[in-house]
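Using the sequences and the hints, build the whole thing.
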Amino acid sequence: MLRVLKYVSLDILKNKIVVVYAVMLALFAWSAFGLEDNTSKGTLTALNLILLTVPLMSVLFSTIYIYNSSEFIELLVSHPVKRSVIWQSLFAGLSISLALAFILGAGIPILIFVSLRSALIMILSGILLSVIFVAIAFLSSVLTRDKARGIGISILLWLYFTLLFDGMILFLFFRFSEYPIENTAVFLTALSPVDLCRILILLHLDVAAMLGYTGAIFKDTFGSFWGLLVSFFLLLLWIFVPYVWSLYKFRKKDL
Amino acid sequence: MIEVKNISKRFGKLQALDSIHLSLHSGTCTALTGPNGCGKTTLIKTILGMVLPDSGNLYFEGENVLSHKTYKRDIGYMPQIGRYPENMSIGQIISMIQGIRNHTSDLDLELYEQFNLKDMLHKKMRTLSGGTTQKVSAVLAFMFQPKVLILDEPTAGLDPIASEILKEKIIQTTKQGKLVLITSHVLSELEGLISHMICMQDGRILMHEEVQVLKQKSGKEMLSQAMVKLLKEITPC
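Just so you know, the protein sequences line up as chains A and B, in that order.
One rule links them: number in the working numbering = place in the first sequence (from 1) + 138.
One rule links them: number in the working numbering = place in the second sequence (from 1) + 11.
Please keep in mind that the hints were generated in silico from the structure rather than gathered at the bench.
We put the CB at the ideal spot given by N, CA and C, even for glycine.
Accuracy of the hints is not assured; some may be wrong.
Claimed, not checked - Reference excerpt, derived from the structure (chain A facing chain B, CB under 8 Å, subset only): (1) 215; (2) 219; (3) 311; (4) 393.
Structure below.
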């Protein structure tokens, strides 16, 4: 496993895109905190950065990388390397490098400007989001042989999780605002990793006070220690399920 | 050494392998022939675990290996069209495979030297001609001294000199008591190389004979003529 991981990591590093990604994140984050006169505005900008850019970069880069590694995979399969080892190494290589890029690029300014507790939650969410979308990329690229279709699925999933899902929840809120739907809303947010992260982070910022009654319910659910634990567990599930499913498919795939 | 039992594989509507039975022994060199698309490469890829069969079993030295795949340590494979990571150089590919196999001593570097790969180590894989790629594949297949060699169209694309070098190597390897399996369309090329012959059609094995027996049966001296004569007798057309 480590031997294969070494070559995967070297290849990703040689590719340089992840390095540029880290630099871009750093530029964004530093300018977000530097431009705004109060930190909480800067934090919100940084939050949107995490919630939109990080998933997009993770899912697209990983999908294309896996398709481009088809020769590498084929070469290794004809040698005594287990398929699960190949898949694990690719997953670990991509996750580690994307998470590392996030920590180095956005993590450092967040740690400096945001209060420690919120900063830690933000950084942890960013890392988890990176890995979740790598897992989603693995799933969409193993589902189809067609590169264009695989990348298409990845982009659509990103659109769904970051924009569509949010819109749907908002729509539900407006439609059923007369009814007590708070608990349903809490349950529904668990269905999208991006929304889960958004609520987790928002609740630990000062703006949480402005969220109103639903916000209070959210705060009750996600703000407590157990709520935090459950939501991180849910996020881990978002990594685990797509990845294990993709591994199962990959082991049965004809190369 | 290798035993294929009742293996079937279907790609959509196409029955690529139709309950194949096959038994190969060490010290033999077997040719796998047949028209295009008859399932030769699928059979080879099944033996290598790259294609997973729908049903049937595969035994390597008496052990069922469809579930655990350590047996691949003992197989050297030369693909028909070698696909390699494009941005790696020949030297990087070779050292990577050595590293991943964790096998850096006791290597068979004969082909490596005879093909003069040393002067091309820095060349990127995407810049290589088909023949040079084949050379890299051949070197990698023989390098780790495997007990079994599976060569898919080994001489296609090689220049005459390289082709002779490779053939000489194959003969030598068979003499060492290893098992060699070759697919090829060019029957005249296999003359003097092989001891057994398999002919496939539409995912089935039509015949599996020793070359000597084949020649006696048909009364022809040339392998290609013997083959054609026997095939005409078998297939009613």
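A quick look at each hint next to the structure:
1. 215: This hint holds: residue 215 (chain A) lies near chain B, its Cβ roughly 5 Å from the closest one there, short of 8 Å.
2. 219: Interface hint status for residue 219 (chain A): holds (6 Å vs cutoff 8 Å).
3. 311: With a minimum Cβ separation of about 47 Å from chain B (threshold 8 Å), the hint on residue 311 (chain A) is violated.
4. 393: 5 Å, holds
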